[in-house]
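Produce the entire structure from the sequences given, and follow the hints as far as they go.
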Amino acid sequence: AQTVTQSQPEMSVQEAETVTLSCTYDTSESNYYLFWYKQPPSRQMILVIRQEAYKQQNATENRFSVNFQKAAKSFSLKISDSQLGDTAMYFCAFITQGGSEKLVFGKGTKLTVNP
Amino acid sequence: GAVVSQHPSWVICKSGTSVKIECRSLDFQATTMFWYRQFPKQSLMLMATSNEGSKATYEQGVEKDKFLINHASLTLSTLTVTSAHPEDSSFYICSAPPGQFMETQYFGPGTRLLVL
Chain A
1 AQTVTQSQPE MSVQEAETVT LSCTYDTSES NYYLFWYKQP PSRQMILVIR QEAYKQQNAT
61 ENRFSVNFQK AAKSFSLKIS DSQLGDTAMY FCAFITQGGS EKLVFGKGTK LTVNP
Chain B
116 GAVVSQHPSW VICKSGTSVK IECRSLDFQA TTMFWYRQFP KQSLMLMATS NEGSKATYEQ
176 GVEKDKFLIN HASLTLSTLT VTSAHPEDSS FYICSAPPGQ FMETQYFGPG TRLLVL
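If you read the protein sequences in the order shown, they are chains A and B.
Per our numbering: the first sequence = residues 1 to 115.
Per our numbering: the second sequence = residues 116 to 231.
Among the hints, erroneous ones may be present.
Stated by the list, open to error - Listed below are the simulated BS3-like cross-link pairs for lysine-lysine, each with C-alpha atoms no more than 27 Å apart in a straight line:
no.	chain 1	residue 1	chain 2	residue 2
1	A	Lys55	B	Lys156
2	A	Lys102	B	Lys129
3	A	Lys102	B	Lys135
4	B	Lys181	A	Lys107
5	B	Lys170	A	Lys102
6	A	Lys107	A	Lys78
7	A	Lys102	A	Lys55
8	A	Lys107	B	Lys129
9	A	Lys107	B	Lys179
10	B	Lys181	A	Lys78
11	B	Lys129	B	Lys179
12	A	Lys107	A	Lys55
None of these hints come from the bench; they were simulated from the model.
See the structure below:
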């Protein structure tokens, strides 16, 4: 079965500090993509960062970076210099190539950035 | 970036009526679209995969006669909730990949459905 586990239902961080959200996944496929999506109170899903499984280098997007450990099937998100606008639900997800080709989502982590 | 729209953004209806939700890809063609349902404080649950020109593929446990999906063109998929009941109240989201690239998906803003 293909699953995504986010073990932190809720987290909080002070503005300007750094926070790391955890994610582990399980798939038997070898080709897949990993994602972190942000869902703010508006509920619009926003892609934060994406990682191709065949790439060893961790993806970065400005203040957002990932720690991708393929052997451990771990894909954590680090948010640096947290901003109030980062307050949102964060979903870890993956999609396989050549398999079901459907996004598999974790249950999400609610992140609150405090002033 | 690519844009996916949904209409309406919110709808309130009486129990027993049917409600149609539209999902449009505004600046790209989408042979496939996905419909999700999201309950408060929960994750997205995939309901079905909508394929242009063919029948939708429903996930296990989703009633296909209850949630009718039509993908009549390369830019439009519709989800009709038939004979809606209060338990159908939820947030419905669609997503679409451009062409065959499933790893890139653009999400609509969602539709809030409240059945009274």
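Right, here's what the structure says about each hint:
1. A:Lys55 to B:Lys156: Violated, because 33 Å separates the two Cα atoms, which is more than 27 Å.
2. A:Lys102 to B:Lys129: Violated - the C-alpha atoms of Lys129 of chain B and Lys102 of chain A are around 33 Å apart, more than 27 Å.
3. A:Lys102 to B:Lys135: holds (24 Å)
4. B:Lys181 to A:Lys107: Distance ~25 Å between Lys181 of chain B and Lys107 of chain A Cα, so the pair holds.
5. B:Lys170 to A:Lys102: Roughly 17 Å between the alpha carbons, so the hint for Lys170 of chain B and Lys102 of chain A holds.
6. A:Lys107 to A:Lys78: Given pair Lys107 of chain A, Lys78 of chain A holds - Cα atoms ~18 Å apart, limit 27 Å.
7. A:Lys102 to A:Lys55: holds (21 Å)
8. A:Lys107 to B:Lys129: Violated, at roughly 31 Å.
9. A:Lys107 to B:Lys179: It holds: about 25 Å lies between the C-alpha atoms, which stays within 27 Å.
10. B:Lys181 to A:Lys78: Violated: Lys181 of chain B and Lys78 of chain A sit about 41 Å apart, past 27 Å.
11. B:Lys129 to B:Lys179: holds (21 Å)
12. A:Lys107 to A:Lys55: Given that 27 Å is the threshold and the Cα spacing comes to 25 Å, the pair holds.
When held up to the earlier numbered hints, the structure conflicts with 1, 2, 8 and 10 and fits the remainder.
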